[in-house]
Amino acid sequence: MTTPMPSMDPRELVTVNLGPQHPSTHGVFRLKATLDGETIHDAEMIVGYLHRSMEKLAEERTYTQNIPFTDRIDYLAAMSNNLAYCLAVEKLLGIDVPPRAQFIRILFAELQRIASHAMANGTFINDCGAWHTPLFHMFREREQILDLFEMTCGARLTTNYMRVGGVAFDLPDELLPAVRIFLRDMPGHISDYEDLILGNEILVARARGVGVIDAASAINASFSGPALRGSGVPFDLRKADPYCGYENFEFDIPVGRNGDCYDRFLVRMTEVKESLRILHQVVDNIPPGPWLTELPLHLRPEPGEAYARVESPRGELGFYLVSDGGPSPYRFHCRPPSLINLSALKEMTIGGTLADAIVTLGSIDIVVGEIDR
Amino acid sequence: MTTWLSPQDVAVRVQAAVPDSVVEATDVALVLDPARLTDCILFLRDDDALDLSFLSNLTAVDRDGELEMVYHLQSLDQNHILTVKVAAGGYDDPRVASLEPLYHGALLQECEVYDLFGITFEGHPDLKRIFLWDGFPGHPLRKSFLQMPGNLTAGLPGFSHESGDNDWPVPGSVEERPVHPNQAARTNTVPVPGDPPVVQGGDA
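Note that the protein sequences, when read in sequence, are chains Z and F. Using this note's numbering, read the first sequence as starting at 1 and increasing by one per residue. Using this note's numbering, read the second sequence as starting at 1001 and increasing by one per residue.
In isolation and in its complexed conformation, chain Z is listed as follows:
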C-alpha cells in the first residue's frame, strides 16, 4: 500500500517579504512579493516606517525653523532639499537672492548631486552583486565632498546651510582651493570607475533589459530625474525651468535609450561629469559680494501660495507652500521624487525574477526618508 504524496502543486504561490530591514531595500522599505517559482507574480510596496509627519510639524513652526526638516526629508541630498524649500519661500515673499549666494547654492547643489549619485551608483552595483568594493571606491569621493560641507557649515549630512534669501555663511577661504583639488582629482577617479564597472559582463547581464519602462509610460507615471531621462526624455529642470542662474552655465543633459536599469545607472554616471563641468564654471566665476539678503528676522509672507521645484539628484523635488499671512506656513507640502518614481514599480517588476526586482529598486534610487517624510 502506498501513501499518497503531499500536494506539490507546481504553481503554488509563495509570498516573500523583502524588508523592512533588508540591505537591498536601502532603508526601512518593505516589498511584499508574491512569487511563482522565481518569477514575481505580484509586488506590493509597504512604506510608512519612517513617517515623521513633517508636513504637519512644519505648520507649527516658522519658515526659518522649517529648514532643518528639509535636511531630514532626503538625508542623502540635504543641500538640494534646503534649496528647494528656500526657493519656495522666496517665491512666496517675492525676493531676490544676491549673485554670490546663487553661485554658492549651485556649487553645493552640484557637489551634493555628485555625492548622492556616488551613493546611488555604489549601492546599485552592490545590488547587482559586486559586494561593496565599487561602493567604497565611490564612498571615498563622497567623503571628500562631505568634508567640503563640513568645512563650510560644520555639518556633513544634515547641513541646514541654505537660508531664505541666500546661504547661512560665506565660503571659508580654504574652500575654493579644496574644491579645485577635488575637481582636479575627480576625472581620474571617474575613469577608474568606468574601467572597473562599465564594461563589466556581470553588470551588463544583471542590468541590461531589466526593469524597462518606455518614455510614454514614464511620463504618465510622473517619473522624474534620472529615472525619466533613462527612458530617453530629455527633461531636466535645470534646463527647462532654470533657477539660481543655471541658464548661464554650460552643461548637457544625458539621456538613456532603452529605459532599463543600465541606462538609469549610466545617466547618473554621466551626470557626475556634467556636474563637474558646472563646478568648474562656478569656481572660476564666483563673484564677491553679500551672501544673504537683508530680511526681517521674522518672516510673514502675504497670503498666497507658491510651488517651486528643483532638479534634485532623485528628480523633481517641489515644495508647495500656502501662506495665510501668519508666521508659519498654512500648508507645507513636499513633492517627493522618491515616492512618485515608485508609481510604476509593479509594472517594472512583475514578470521578472526577484533578483531583478532588487536591481530595479536600486536603479530607481529611493531614499526612504523622502518617501515617508
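Note that these hints are calculated values from the structure, not bench results. Quick reminder that beta carbons are idealized off the backbone N, C-alpha and C, glycines included. Any given hint might turn out to be false.
What the hints assert, rightly or not - Restraint-style ranges between C-beta atoms, simulated for each label pair:
1. F:1128 - Z:192: 43 to 49 Å
2. Z:257 - F:1126: 30 to 36 Å
3. Z:192 - F:1095: 52 to 58 Å
4. Z:347 - F:1001: 31 to 37 Å
5. Z:176 - F:1065: 51 to 57 Å
6. F:1095 - Z:355: 39 to 45 Å
7. Z:22 - F:1015: 51 to 57 Å
8. Z:64 - F:1123: 47 to 53 Å
9. F:1095 - Z:143: 25 to 31 Å
10. Z:303 - F:1008: 17 to 23 Å
11. Z:247 - F:1008: 26 to 32 Å
12. Z:188 - F:1008: 26 to 32 Å
13. Z:353 - F:1065: 33 to 39 Å
To be verified - Which bits of chain Z does chain F cover? Going by a derived footprint, with three or more residues having C-beta under 8 Å, they are:
14. 45-56
15. 146-152
16. 301-308
With chain Z fixed as given, assemble chain F onto it according to the hints.
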C-alpha cells in the same frame, strides 16, 4: 523657463470643450467643477496646444474645514505649467474623482492624500492608507486633528516681539498661559483631579 499658463486663458478653452465646468479662474489657479473633473483633465491632457501630459504634483489643502485638491499639470514639450484646483467637500465624507486612470503618477499621491486628509478618490484602483496603519484615528493633516479644547493650538500664535494680536508670553514677563490637562505631563506640576487648571510661566 517654464511659463505659468494664465488660468483665465485656459478657462475659456476648457469652458468651450466641456460646458459648465469652470467654477472660477483666479490669477493663480483654474477652479473646476468636481463633477466634470475627469472630462476637463482629459481635455487638458490630450489637447495638442495645452498638452498637459505630466502630473507634476498632487496635494490637498484644508481651507478651514473645506478640503481642496491642488494639481500642478505640466507639459514637457511646450514647457508650461498650470495649477488646477477642485473642491472636495467638508470633513464628513469628502470625495473627488481619481486621476489615476489618466495619470498613473497619481497612484501613490492619491493614497497619501487619502491617508492624511481622508479624501476618497472614486475610481482609484488601490486606495489604502499608505503611511499610517489601518484604524489610525483621524487624518493628521486636517486642521481639526488634535485640536485642543479652549481654542488652544499647538505652535506659534505670533512672534514674541510682536504684541497685540497674540497671547504668546513676552520674554521676561510672567504672563500666564493655561495648560490643557493632556499637556500637564510635560510640566513639573502633577494636576490633582478637580483642582483648578495648572498654569505655567509663573515663578518656578
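Tested hints:
A beta carbon spacing of about 46 Å between residue 1128 of chain F and residue 192 of chain Z agrees with the range 43 to 49 Å that was offered as a hint. Between residue 257 of chain Z and residue 1126 of chain F the beta carbon distance is about 32 Å. The supplied range of 30 to 36 Å therefore holds. Separation of residue 192 of chain Z from residue 1095 of chain F is about 57 Å and conforms to the stated range, judged on CB atoms against 52 to 58 Å. In this structure the hint that residue 347 of chain Z and residue 1001 of chain F lie 31 to 37 Å apart at CB holds, the actual value being about 33 Å.
Residue 176 of chain Z and residue 1065 of chain F have their C-beta atoms about 53 Å apart, which keeps the hinted 51 to 57 Å range intact. With their beta carbons about 42 Å apart, residue 1095 of chain F and residue 355 of chain Z fall inside the hinted range of 39 to 45 Å. With their beta carbons about 52 Å apart, residue 22 of chain Z and residue 1015 of chain F fall inside the hinted range of 51 to 57 Å. Remark: the range hint 47 to 53 Å for residue 64 of chain Z to residue 1123 of chain F is contradicted by a beta-carbon distance near 41 Å.
About 51 Å separates the C-beta atoms of residue 1095 of chain F and residue 143 of chain Z, a value inconsistent with the hinted range of 25 to 31 Å. Distance hint check: the CB atoms of residue 303 of chain Z and residue 1008 of chain F are about 20 Å apart, consistent with the given range 17 to 23 Å. Between residue 247 of chain Z and residue 1008 of chain F the C-beta distance comes to about 28 Å, which sits within the given range of 26 to 32 Å. Separated by about 56 Å at the C-beta atoms, residue 188 of chain Z and residue 1008 of chain F break the suggested range of 26 to 32 Å.
For the pair residue 353 of chain Z and residue 1065 of chain F, the beta carbons lie near 50 Å from each other, so the given range of 33 to 39 Å is not met. Counting residues of the segment 45-56 of chain Z whose beta-carbon sits less than 8 Å from any beta-carbon of chain F gives 6, enough to reach three: the coverage restraint holds. By the rule of at least three residues with a Cβ nearer than 8 Å to a Cβ of chain F, the coverage given for the segment 146-152 of chain Z is violated, with 0 such residues. For the segment 301-308 of chain Z, the stated coverage by chain F is satisfied: 3 residues place a CB nearer than 8 Å to a CB of that chain, which reaches the threshold of 3.
In terms of the numbered hints stated before, the structure departs from hints 8, 9, 12, 13, 15, listed from lowest to highest.
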